[in-house]
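Spelled out, the chains give:
Protein chains: 2
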Amino acid sequence: MIEVGVNGYGTIGKRVADAVDSQPDMELVGVAKTKPNFEAHTAVERGYDMYAAIPERAPLFSEDGIEIAGVVDELVAAADVVVDCTPSGIGAENKSLYESHDTPAIFQGGESADIADVSFNARANFDEAVGARYTRVVSCNTTGLSRIVAPLQEEYGVEKVRATLVRRGGDPAQNSRGPINDILPNPIGIPSHHGPDVQTIFPDLSIDTLGLKVPATLMHVHSLNVTLESDVTAAHVRQLLEDENRVYVIPEGLGIDGAGKLKDFALDAGRPRGDLWENCVWGESIAVEGRDMYLFQAIHQESDVIPENVDAIRAMLDVADKRESMRRTDKHVGIGVPSDPSGAGREDDQVEAEPADD
Amino acid sequence: MIEVGVNGYGTIGKRVADAVDSQPDMELVGVAKTKPNFEAHTAVERGYDMYAAIPERAPLFSEDGIEIAGVVDELVAAADVVVDCTPSGIGAENKSLYESHDTPAIFQGGESADIADVSFNARANFDEAVGARYTRVVSCNTTGLSRIVAPLQEEYGVEKVRATLVRRGGDPAQNSRGPINDILPNPIGIPSHHGPDVQTIFPDLSIDTLGLKVPATLMHVHSLNVTLESDVTAAHVRQLLEDENRVYVIPEGLGIDGAGKLKDFALDAGRPRGDLWENCVWGESIAVEGRDMYLFQAIHQESDVIPENVDAIRAMLDVADKRESMRRTDKHVGIGVPSDPSGAGREDDQVEAEPADD
Numbered sequence: 001m002i003e004v005g006v007n008g009y010g011t012i013g014k015r016v017a018d019a020v021d022s023q024p025d026m027e028l029v030g031v032a033k034t035k036p037n038f039e040a041h042t043a044v045e046r047g048y049d050m051y052a053a054i055p056e057r058a059p060l061f062s063e064d065g066i067e068i069a070g071v072v073d074e075l076v077a078a079a080d081v082v083v084d085c086t087p088s089g090i091g092a093e094n095k096s097l098y099e100s101h102d103t104p105a106i107f108q109g110g111e112s113a114d115i116a117d118v119s120f121n122a123r124a125n126f127d128e129a130v131g132a133r134y135t136r137v138v139s140c141n142t143t144g145l146s147r148i149v150a151p152l153q154e155e156y157g158v159e160k161v162r163a164t165l166v167r168r169g170g171d172p173a174q175n176s177r178g179p180i181n182d183i184l185p186n187p188i189g190i191p192s193h194h195g196p197d198v199q200t201i202f203p204d205l206s207i208d209t210l211g212l213k214v215p216a217t218l219m220h221v222h223s224l225n226v227t228l229e230s231d232v233t234a235a236h237v238r239q240l241l242e243d244e245n246r247v248y249v250i251p252e253g254l255g256i257d258g259a260g261k262l263k264d265f266a267l268d269a270g271r272p273r274g275d276l277w278e279n280c281v282w283g284e285s286i287a288v289e290g291r292d293m294y295l296f297q298a299i300h301q302e303s304d305v306i307p308e309n310v311d312a313i314r315a316m317l318d319v320a321d322k323r324e325s326m327r328r329t330d331k332h333v334g335i336g337v338p339s340d341p342s343g344a345g346r347e348d349d350q351v352e353a354e355p356a357d358d
Numbered sequence: 001m002i003e004v005g006v007n008g009y010g011t012i013g014k015r016v017a018d019a020v021d022s023q024p025d026m027e028l029v030g031v032a033k034t035k036p037n038f039e040a041h042t043a044v045e046r047g048y049d050m051y052a053a054i055p056e057r058a059p060l061f062s063e064d065g066i067e068i069a070g071v072v073d074e075l076v077a078a079a080d081v082v083v084d085c086t087p088s089g090i091g092a093e094n095k096s097l098y099e100s101h102d103t104p105a106i107f108q109g110g111e112s113a114d115i116a117d118v119s120f121n122a123r124a125n126f127d128e129a130v131g132a133r134y135t136r137v138v139s140c141n142t143t144g145l146s147r148i149v150a151p152l153q154e155e156y157g158v159e160k161v162r163a164t165l166v167r168r169g170g171d172p173a174q175n176s177r178g179p180i181n182d183i184l185p186n187p188i189g190i191p192s193h194h195g196p197d198v199q200t201i202f203p204d205l206s207i208d209t210l211g212l213k214v215p216a217t218l219m220h221v222h223s224l225n226v227t228l229e230s231d232v233t234a235a236h237v238r239q240l241l242e243d244e245n246r247v248y249v250i251p252e253g254l255g256i257d258g259a260g261k262l263k264d265f266a267l268d269a270g271r272p273r274g275d276l277w278e279n280c281v282w283g284e285s286i287a288v289e290g291r292d293m294y295l296f297q298a299i300h301q302e303s304d305v306i307p308e309n310v311d312a313i314r315a316m317l318d319v320a321d322k323r324e325s326m327r328r329t330d331k332h333v334g335i336g337v338p339s340d341p342s343g344a345g346r347e348d349d350q351v352e353a354e355p356a357d358d
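Sequences listed follow chains C and X, in order.
Following the UniProt record's numbering, the numbering of the first sequence begins with 1 at its first residue and continues without gaps.
Following the UniProt record's numbering, the numbering of the second sequence begins with 1 at its first residue and continues without gaps.
Honestly, I wouldn't trust all of these hints.
Same chains, same names: a pair is fine if it fits in one copy or spans any two.
[Claimed, not checked] Computed list of lysine to any residue pairs in SDA-like fashion (alpha-carbon distance at most 20 angstroms, straight line): (1) Lys160 with Asp292; (2) Lys322 with Asp117; (3) Lys261 with Pro187; (4) Lys160 with Leu228; (5) Lys261 with Ile188; (6) Lys322 with Gln153; (7) Lys261 with Asn186; (8) Lys95 with Ala113; (9) Lys261 with Arg177; (10) Lys160 with Arg291; (11) Lys160 with Ser230; (12) Lys160 with Glu229; (13) Lys261 with Gly189; (14) Lys160 with Val288; (15) Lys261 with Arg273; (16) Lys261 with Arg271; (17) Lys160 with Leu267; (18) Lys95 with Ala132.
These aren't lab readings, by the way, just hints derived from the structure by calculation.
Construct the entire structure; sequences and hints are all you get.
In structure tokens:
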């Protein structure tokens, strides 16, 4: 049983905690949080042990009726691995804490790549994280791009990727962010940082990315062009992507024309928080002109990195290979077609029954 | 003096009327409108003769205190040329009216290309409209793309254009349109119709376009990639675009990061309605990677086609060549750096003084 601590219990941390808690081969030691806000109360209701991320603020929790299990030092000491889900830049400040306890740690994509031994995407480079002490799960957008590039590269070869990332201005709860009525090139300079970030996963990939921010909160949308090394058909690309469990190819006819309906679809299916862990690619959008492949995909910034964090744990501790880890993660998180949240329709229960630790 | 009638007095029509009215070689015969709304009252205050676009509704105008000069038939009969600025699809219904009076007409980009003898962009194909009876000024987005493609093609050769059009959901006054909080691939199918529309101007151009709609009203933003036929530098491309009078290269340091500040900039400069007739290209965004050129540009959907309509009039009646027509249009509309709305800083007054009809 892998003992996992989660440091930071916001948008990503609370989802990582739930995902870890759902895995039969993992145990959630507890979560660390800076203050007793609504999310802290939810954690307590879920039975998660709460640790004070800032020891001096520990009394605030008891004043608010939350009994803490200790301070973050104790969480780090007790865990086999810590998933750092603190805001960008705080992860870097926390690294010495993990080093002092000799506890392996996973950082999020908001940290710079040099914080870790390896930048990670399960589909693309699982093996590079095997045995690593420090791993960085790349950002939501980089994860979304990596999941598409990996199968394309393996199947056809990739000459060049050009992607325009139409990014949501902020998450639904980030009510101080904008823009309200504007379309912002962001950054104005080209290329954006996303291309180089994808290159932390695919070092030899030729990729140019352009970023914008718009007045929306639900998901990012990518306008993606990949010049392939071979002649292909749109139907072949579509089948390739449909075979990826972390890519949901939206069928025509469902009337899903944007992120709003995707979220409704996921909520209707009973998914926790309406999460869409998969890249959501509009099947109808997959097009090939010469060797240029195009598609639109929506990326749920709050949840697509969650399964990657779970897989990073197994890779670092070398307890399962890529295929087995992704299979377990997907099954227990519930990844698959949103209308089938159990994932059972895409799993082979016979195979599933075999592993003793699963 | 060219007698011009404007049929339709909404977002485009009112701007075309003002632009025509500002040209010393043109006279606005009048404008036709379906109903006496706020725009009709503004037209009367400006001294424009009002014609009832639907004869049966003529009494509505007098009931509302607006004395009409006649009905649309009379306007068409009196004009040397009519600019049809009615909503998409209505222009096609009006064509027989223009034919019955043997009056040349200009249609807008919302009509299908086969409505006219030629699809028109002054910078790209002025000469093709010389002597034409029916001309279609292409849409705002196609105009914006054509103004960039033309100089790039002439200077470097263009191998392929790939553009993602992040489109405003509706104009500021179109308060029944959306989306409110979403990023919609629109159309979901790739390519969008914009690429084929650009090919009505550049028949041999290889171009793929992708369209989206977002919750913004002020301007469209294009994420543009052009694979050139020669090796170039970003600085060279920038200079090339700065030499185009209908392209405004936004300098670094002005703090203009989006459409909101562009509109404020134009309004502060005293431009009518805060119009931005030029493509607004972020100078800082112009980048070259290999033979791939990238840039971001904002396109003011309400006004960028206005100077093209004025030039189309001169081309069809063959009263000025391309260079002379564009010079006159730009001078009298006020096109140039937004902080210099007179355009005087970019005009040679000596040359200007010479033409008798100007």
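Hints, one by one, checked against the model:
1. Both within a single protomer and between protomers do Lys160 and Asp292 lie at most 20 angstroms apart by alpha-carbon distance, with minima of 9 angstroms and 11 angstroms respectively.
2. For the identical chains of this complex, Lys322 and Asp117 are intra-copy neighbours only, at 18 angstroms inside a copy versus 61 angstroms across copies, given an alpha-carbon limit of 20 angstroms.
3. Taking the shortest Cα distances, Lys261 and Pro187 sit within 20 angstroms of each other only across copies (16 angstroms), while inside one copy they are farther apart (28 angstroms).
4. Taking the closest pair of Cα atoms, Lys160 and Leu228 come within 20 angstroms of each other both inside a single copy (7 angstroms) and across two copies (15 angstroms).
5. For the homomeric pair Lys261 and Ile188, the shortest alpha-carbon distance between copies (14 angstroms) is at most 20 angstroms, but the shortest distance inside one copy (30 angstroms) is not.
6. Taking the shortest Cα distances, Lys322 and Gln153 sit within 20 angstroms of each other inside one copy (18 angstroms), while across copies they are farther apart (48 angstroms).
7. Within a single copy, Lys261 and Asn186 get their C-alpha atoms only as close as 26 angstroms, which misses the 20 angstroms cut-off; across copies the closest is 14 angstroms, which meets it.
8. In the homo-oligomer, the alpha carbons of Lys95 and Ala113 lie at most 20 angstroms apart inside one protomer (13 angstroms), although the nearest pairing across protomers, at 62 angstroms, exceeds that limit.
9. Taking the shortest Cα distances, Lys261 and Arg177 sit within 20 angstroms of each other only across copies (17 angstroms), while inside one copy they are farther apart (23 angstroms).
10. In this assembly of identical chains, the alpha carbons of Lys160 and Arg291 lie at most 20 angstroms apart whether taken from the same copy (10 angstroms) or from different copies (12 angstroms).
11. When the C-alpha separation of Lys160 and Ser230 is checked against a cutoff of 20 angstroms, the pair qualifies both within a copy, at 12 angstroms, and between copies, at 18 angstroms.
12. In the homo-oligomer, the alpha carbons of Lys160 and Glu229 lie at most 20 angstroms apart both inside one protomer (9 angstroms) and across protomers (17 angstroms), since each shortest distance falls under that limit.
13. Taking the shortest alpha-carbon separations for Lys261 and Gly189, only the inter-copy value of 17 angstroms comes in at or below 20 angstroms, while the best intra-copy value is 32 angstroms.
14. Proximity of Lys160 to Val288 under the C-alpha cut-off of 20 angstroms is found in both arrangements, the shortest distances being 14 angstroms within a copy and 14 angstroms between copies.
15. With identical chains, the CA atoms of Lys261 and Arg273 are at most 20 angstroms apart within one copy only, with a shortest distance of 14 angstroms there and 36 angstroms across copies.
16. Taking CA atoms no more than 20 angstroms apart as the test, Lys261 paired with Arg271 passes inside one copy only; the shortest distance there is 14 angstroms, against 41 angstroms between copies.
17. When the C-alpha separation of Lys160 and Leu267 is checked against a cutoff of 20 angstroms, the pair qualifies neither within a copy, at 36 angstroms, nor between copies, at 42 angstroms.
18. When the C-alpha separation of Lys95 and Ala132 is checked against a cutoff of 20 angstroms, the pair qualifies only within one copy, where the shortest distance is 14 angstroms, while the shortest distance between copies is 72 angstroms.
Hint check: a violation occurs at hint 17 only; the rest are consistent with the structure.
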